[in-house]
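6 protein chains.
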Amino acid sequence: MSDVITFGEIMMRLATPGFLRWNQAPHLELTYGGGEANVAVSCVNYGLTADFVTRLPKNDMAQRAINELRGLGVGTSHIVRGGERIGIYFLESGASQRASKVTYDRAHSAIAEIKPGEVNWDEVFKGARWFHWTGITPALSDTAAEVVEEACEAAKKAGVTISADLNYRKKLWSKEKAQRVMSDLAELIDVCIANEEDAESVFGIKGAEVTSGKIEHRQYEEVAGKLVDKFKFKKVAITLRESHSASRNGWSAMLYENGKSCFSRKYDITIVDRVGGGDSFAGGLIYALLRGDDNDKAINFAVAASCLKHTIPGDYNRVTLEEVEALAKGDASGRVQR
Amino acid sequence: MSDVITFGEIMMRLATPGFLRWNQAPHLELTYGGGEANVAVSCVNYGLTADFVTRLPKNDMAQRAINELRGLGVGTSHIVRGGERIGIYFLESGASQRASKVTYDRAHSAIAEIKPGEVNWDEVFKGARWFHWTGITPALSDTAAEVVEEACEAAKKAGVTISADLNYRKKLWSKEKAQRVMSDLAELIDVCIANEEDAESVFGIKGAEVTSGKIEHRQYEEVAGKLVDKFKFKKVAITLRESHSASRNGWSAMLYENGKSCFSRKYDITIVDRVGGGDSFAGGLIYALLRGDDNDKAINFAVAASCLKHTIPGDYNRVTLEEVEALAKGDASGRVQR
Amino acid sequence: MSDVITFGEIMMRLATPGFLRWNQAPHLELTYGGGEANVAVSCVNYGLTADFVTRLPKNDMAQRAINELRGLGVGTSHIVRGGERIGIYFLESGASQRASKVTYDRAHSAIAEIKPGEVNWDEVFKGARWFHWTGITPALSDTAAEVVEEACEAAKKAGVTISADLNYRKKLWSKEKAQRVMSDLAELIDVCIANEEDAESVFGIKGAEVTSGKIEHRQYEEVAGKLVDKFKFKKVAITLRESHSASRNGWSAMLYENGKSCFSRKYDITIVDRVGGGDSFAGGLIYALLRGDDNDKAINFAVAASCLKHTIPGDYNRVTLEEVEALAKGDASGRVQR
Amino acid sequence: MSDVITFGEIMMRLATPGFLRWNQAPHLELTYGGGEANVAVSCVNYGLTADFVTRLPKNDMAQRAINELRGLGVGTSHIVRGGERIGIYFLESGASQRASKVTYDRAHSAIAEIKPGEVNWDEVFKGARWFHWTGITPALSDTAAEVVEEACEAAKKAGVTISADLNYRKKLWSKEKAQRVMSDLAELIDVCIANEEDAESVFGIKGAEVTSGKIEHRQYEEVAGKLVDKFKFKKVAITLRESHSASRNGWSAMLYENGKSCFSRKYDITIVDRVGGGDSFAGGLIYALLRGDDNDKAINFAVAASCLKHTIPGDYNRVTLEEVEALAKGDASGRVQR
Amino acid sequence: MSDVITFGEIMMRLATPGFLRWNQAPHLELTYGGGEANVAVSCVNYGLTADFVTRLPKNDMAQRAINELRGLGVGTSHIVRGGERIGIYFLESGASQRASKVTYDRAHSAIAEIKPGEVNWDEVFKGARWFHWTGITPALSDTAAEVVEEACEAAKKAGVTISADLNYRKKLWSKEKAQRVMSDLAELIDVCIANEEDAESVFGIKGAEVTSGKIEHRQYEEVAGKLVDKFKFKKVAITLRESHSASRNGWSAMLYENGKSCFSRKYDITIVDRVGGGDSFAGGLIYALLRGDDNDKAINFAVAASCLKHTIPGDYNRVTLEEVEALAKGDASGRVQR
Amino acid sequence: MSDVITFGEIMMRLATPGFLRWNQAPHLELTYGGGEANVAVSCVNYGLTADFVTRLPKNDMAQRAINELRGLGVGTSHIVRGGERIGIYFLESGASQRASKVTYDRAHSAIAEIKPGEVNWDEVFKGARWFHWTGITPALSDTAAEVVEEACEAAKKAGVTISADLNYRKKLWSKEKAQRVMSDLAELIDVCIANEEDAESVFGIKGAEVTSGKIEHRQYEEVAGKLVDKFKFKKVAITLRESHSASRNGWSAMLYENGKSCFSRKYDITIVDRVGGGDSFAGGLIYALLRGDDNDKAINFAVAASCLKHTIPGDYNRVTLEEVEALAKGDASGRVQR
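Residue numbers (our numbering), protein chains in the order written: chain G, 1 to 338; chain F, 1 to 338; chain D, 1 to 338; chain P, 1 to 338; chain B, 1 to 338; chain A, 1 to 338.
Don't read these hints as lab results, they were simulated from the structure.
Certain hints may be false.
Which copy is meant is left open, because identical chains are indistinguishable; a pair holds if it fits in one copy or across any two.
What the hints assert, rightly or not - Under the rule of at most 20 Å between Cα atoms (straight-line distance), these lysine to any residue pairs were calculated in the SDA-like manner:
| # | residue 1 | residue 2 |
| --- | --- | --- |
| 1 | 230 | 219 |
| 2 | 170 | 186 |
| 3 | 297 | 261 |
| 4 | 58 | 171 |
| 5 | 157 | 118 |
| 6 | 171 | 336 |
| 7 | 171 | 108 |
| 8 | 230 | 186 |
This structure is a prediction, so every number in the text was calculated from the model and none was measured.
Bound-form chain G, shown alone (with noise of 0.2 Å):
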């Protein structure tokens, strides 16, 4: 019995190390992530139990994320075990004018395989208090988004939260598909998060022209009333990257509920590993939600946390409660602590 569950896919990540491009790299870092594994983590971190489902192959390759997880902390036991293959994603980190680069190969993946039936919804949320997955995994197959719906239904059966981030990933699914599947989905969705490009991908509704850098405050709360009056999410929640270079990102978000929104802190990072920065904001959001933060706290520890989890390789947000708090306060010296 987990508070969180989370659903999705789960991908070996093959990073070229330091800043070596693809065709210069003699090895490649090798870890795995994906956005539902990395709120998994991120929630059990912070103290909450989680659970991660997904469905993988039986193999060394799936084994290890297996084992990752749960040396992590993260609950295993509803994966569903087949398929052919781990899906993997390929990383060149970028630098300063130079974009990070990530190539997927996560085609025939076991869980874009999936079935509806394959998973005992009703077991997983057993006494659960939230269930979180993104707009990744409606997109990996036509079964898999089935699956997505049947959770939901079993989600909203046993009285769990239900949040989704967005995320559209544009290699995955064309506009209108993700549109048509994901306004099915959002009805079941109370908890809305989404980047400042997402919600016009995925909905059409539109928001603050992002390359400049500049961000408006009031085009995002339009963007999030519009979101609100559609689909009637309880809140919404829109992160907001002022992509300086790949080196240098201001970090800040809006938390949105009843017409009303708070807009956290702003920092400004030097960037480690930007991958899963969205992930770590919504595990830190559901975090300080679930232990019944105010909107205001809420979304300055997701903030904190996600601002943290620019400063470390790999996916995971791997820090402490008691590191994000640090943060949350005010502290951002950076001074060595011994």
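Could you slot chains F, D, P, B and A onto chain G? The hints should help.
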């Protein structure tokens, strides 16, 4: 225009460093290889020209494979671009009583989805003298098998000698399917290359007991004789591996023609990397036969070449003609060269 | 509730990479290990449940040890938290005539300062079938020895079989003290495990001349017989290491019961990492006896398991049941598995 | 037949990893580079054909340089083989207020001992459109300077545009000697490329104060004007580096022709590897001018190209045409590409 | 006979590579360092002779520390051998808003168990001109504090100038104990070095608010004045760190004497390794004062020296006199030196 | 004042990691070594004092060589500074039938350009007991040969014993030149050290057939006898290497004096790094003879010392007196020391 043409799959090879098992490795060594590419590299190293034909997607992972081959001097201009992914194989290096372990993630690769007509074989074989492929290529898919047949027929028409290394892979196809497909193709083969198990797996022709580590010359002559009787091969080459352990092997080979067999010198090898050992043998044999060596000299060149391969990390046999000749002439002392 | 309970010290293992001597190494490989933790990992790998009990401080260095065990499937919920430091051992890997060198920095570790009453042994042994410890644990401190006795008595009360590996460490205590303490504990032991030197060091019972590399079966039977006479052990297992060099060992073992000895097959091992070899033997033996193997089958399983350990970096024996079975059934050829 | 011909020295580059100083590094990263080779790589990356001409000994160290260029698509068939050694440069990467440090070990290299007549320049320039060299080549030796002159004359005869990057290196020759030799060669140059210090070092034509970090546009126009007056260059390109620190630079450039100057956009760069920055500018400029860009578009392409180079380890600018175009068109946000 | 004598603890430093957190690191970078050893290395780098006095056990871990110091030119002949272990500190490098984290494992080290009388201080100070220690040494143990006093008295007797860096470490002792012990020792100190927090922690003398990143000159003058009033220090040096983040700091210092303060230039530093920053300041200051610089020149030399330290991995400031002079004279551009 | 003086070249050693061939290595391991420096390190490791004399330029590459020797305890104060470069040798580690490959880049090194008069030999030999050089030093250049002669004469005058290791290097000089120069120097040598090929290469005195791997004792006695007859050496030591492969060697030696030969125990070595094997033998022999061992004990100490060297990466024999003694006394079991 190249002397030698090879056709098959090249994969990304992701190997754990040192003797680490899969679940211990912080990173994976990245190289490329595949039976037919390995043979092309060998041929070029001895001074021949060689072209490797395959199908690869347009992405960084595939482009690096091409660039590396081009850097080594292999012709890559006939490679067809298309498809979604390059195949991968994961390698865990064994030692002593623990075997090396290869896990394939090659389904749905670009070459598996090749179709007849995509390669202009008449163009490819212009000026060529030798065509080499392995039993892996027709095992990839039915269409790949068709393209092998298409290639062989074009080669025959162009008067090009054809060699094939049986290279049975049980994870790619059943013995039944292998036997059916390979028997059809066998009639187009001039030089058949096999290890001590392949003849039985592919053609049901039984060889000696191999796990014992003892190799009986007579049994191999019988196998070769039966193969020639059945498929009219001009020459049959069989590699004889005595697996004392993952760290130490005896290595020799036999070349059979017209009822007469030549057995090579046998090397006692301390193994650095055994993968690609058979391919380096084929590469050495093709070179030696193309330059006109008699069977005795040819089989000794091929075995010396492949002996050296076992000492070199990666699939490719990175040796010079001079190094192979020196070993073939008897200097196996390993004294420091300065 | 776990099948197997082990109790002892887990240390940070800091090893020079490759064959570098201490004063050459730019970095140290970081893993964890210790006799009883190693045995727990082995048991879990074969399908048993196992809990490792120890005392560890609340810091990053200790937490990682716990997380890694948890990731491997070992139960860690009975670990007592407290104390100032986790023990460390430095390892320099030897080769050929140069021996591997272990330097301990384990004084004042959390487990050395454990006190009777800190572990709820009755709770720990609920449902357990086997309790294992080594002679290192009582050597850590007088209070640690008291806790071993406390544990053994609780185990006996719970009807749990007790095994102990004598594992004499001359840097931890004198032979005199070892003999005094271990003789008291010996009466609680059902299965006594030793190497060819331990019986003499710990109990003054003399074995064969070991530096010669020659092992006399008769002498070991005598040693086992004397041990049984004196301490009423149900079984005595002795590992027989022939140290040809740091790179090559002969490895076999004897299991003795009721005046009858079974000698296992002997393996000629090219060594990758010899540390933990004895623990992997104990782990294999416990598993085999728990599943009901007869002595001959059990000793061969244990020796095959530990043979494989010598090929794997780190203390833990990262093998599967299938791999051990395959070797125990005779396939020591080390052929590539694909 | 290649579009672009470059001529100069390629060296082994041995760099300390990370930010380690020379006396800390356990190993040295091995790559290759040199002004003219770097330019050839850039041109090929944008779709041109390019040949790099040099002189290299017959040994493993030189052969690898050739193989890597060939792998990247650079023509190497005109490289003269001979001499005793390939030049080396040692690189220590700086950070913040600590400058990167280059130590040359290039005396007596094969190219320094080249003699007129060794390269068949008429053959080299068949079908070529552009010839590029840098001020380093004539600085290597008197005979190298003669071969530069020989090459320029052949290029002129063949109607090939000639560009030269002044690239003054004070450890190779004095300002006096540079001025004497370069003034003779200057009349053969069509496009003169320089950084903010070169014009003064090589031709005694004074530019702006550079250590201040402030760049005055007017001063650069004056310098370019004087250069054109004196040597009749068709175009003069000057790169404008604002060295805030070894970790952060401002980077822009000016292209001057017929009394009119175009200044590019300026980039604020977080530096990964600054070596080869000027060469990547030259490569971008040659490409842009060869495809017919006007001066404004050309200088912006060249600066965008070289901006990206600062983010890539090694001398070569490993970018695609698409990546440079995207940056030149204004997307400097460094957002993750997936 | 050495110009400078320093006395304190040298530790093994085990740091995670890159920005990895403790639970991610496959290996730990191994170097050595400690406040007083770091100062000795700095002094030698500028051309002084220096001896480092400590107590170290006879094992490989300690011998390497000595060999490295000797290799760098530091005198080690007065090091006392004895004790059981060398102290260790674990370091996790922070970035941006995530602080670096130091975990000590130094209890029971050889130096903590030193006793008065073990060092022949009269011999040590023969011909010496300067004695430096830090507040860490007396914090190690009561006997270590006694030995500091013993050393200071011998130094005074020999007419040697004494400097001490307050260096308060809250994990070693309480503020109360520090204040008691240090107040006794303070009267023997000529030059007191502190950072912006130490004066308050050790002597209860309050400085400016430091987490804000803003530094008020006046407040520091007040602190220095109070220190001089109370303890009769000849000079007080205070380093002023503005911690914008773990990746970027402002860095300057003040030197106060006779009621007059000199403030140095301030550097904006992109941090590579911040540990040892204060020690490199002390080393620079001692050198500058020993060669007779006036306070203004001395404080600027010391700050330039320590600015460079922030760019160098490891505790030691591996710079030359020329490099520090160049920066102190104003060249902070970080331009490549070739 | 040092017991032992050695004179020769120290080079940067750049080795491919693992068993990678030159064209595969992403980086090169950086260490230093050279025959005479290696001998000095050995002597110091056994407790003698030793000074290494050479000529080195003033740059980072040379300074590190000096610092490392100093760190190991070798005296470096007589090293002459000057010249342009430190020599380099590239090393590719062989395995099994593939030989290790050394490529020199040592022409024009500082020591090759040394001139008579640059070293104050009378000063150097004050208090010395032994002078050692190898045949490499006079092979570097005519002036280097003159300096060897100058040194030998000063050593003779000072009553210092002189040993020389013939160490023929065919890439440095022809057999004819070696014979001419070395014959002149031979009369100054007391102890002549050679391997099984040197005597023939340098003096035309024929030894046994070496590539066969079989060593005939009688033949070596004959060679030694002839050397003594011709050059009046007091002792002749010949190392006997049986090269089974690059991974496994038999290793023993003979010491001959007054018509009587002592043959050492023979070791069967699994090779880690064979370079410097002969130098470690010389170092062991010098130590053993200096402490007064008889020939039998001396030759066994020297062979045990050099046996251990084969297990240690890098040129230097990083062993203790205790370790060599233990092996010389017969413990070659390689058992873990704890």
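Outcome of the hint check:
1. For a Cα distance limit of 20 Å, the shortest separation of residue 230 from residue 219 inside one copy, 17 Å, qualifies, whereas the shortest one across copies, 58 Å, does not.
2. In this homomeric assembly, residue 170 and residue 186 come within 20 Å of each other (Cα to Cα) only inside a single copy, at 19 Å, whereas the closest approach across copies is 46 Å.
3. In this assembly of identical chains, residue 297 and residue 261 lie within 20 Å of each other by CA distance solely inside one copy; the values are 12 Å within and 44 Å between copies.
4. For the identical chains of this complex, residue 58 and residue 171 are inter-copy neighbours only, at 15 Å across copies versus 27 Å inside a copy, given an alpha-carbon limit of 20 Å.
5. For the identical chains of this complex, residue 157 and residue 118 are intra-copy neighbours only, at 18 Å inside a copy versus 44 Å across copies, given an alpha-carbon limit of 20 Å.
6. Proximity of residue 171 to residue 336 under the C-alpha cut-off of 20 Å is restricted to the inter-copy arrangement: shortest distance 13 Å between copies versus 42 Å within a copy.
7. Proximity of residue 171 and residue 108 under a CA criterion of 20 Å is satisfied in both settings, with 14 Å inside one chain copy and 18 Å between copies.
8. Taking identical chains as interchangeable, the C-alpha atoms of residue 230 and residue 186 lie at most 20 Å apart only when both belong to the same chain, with a minimum of 9 Å there against 66 Å between chains.
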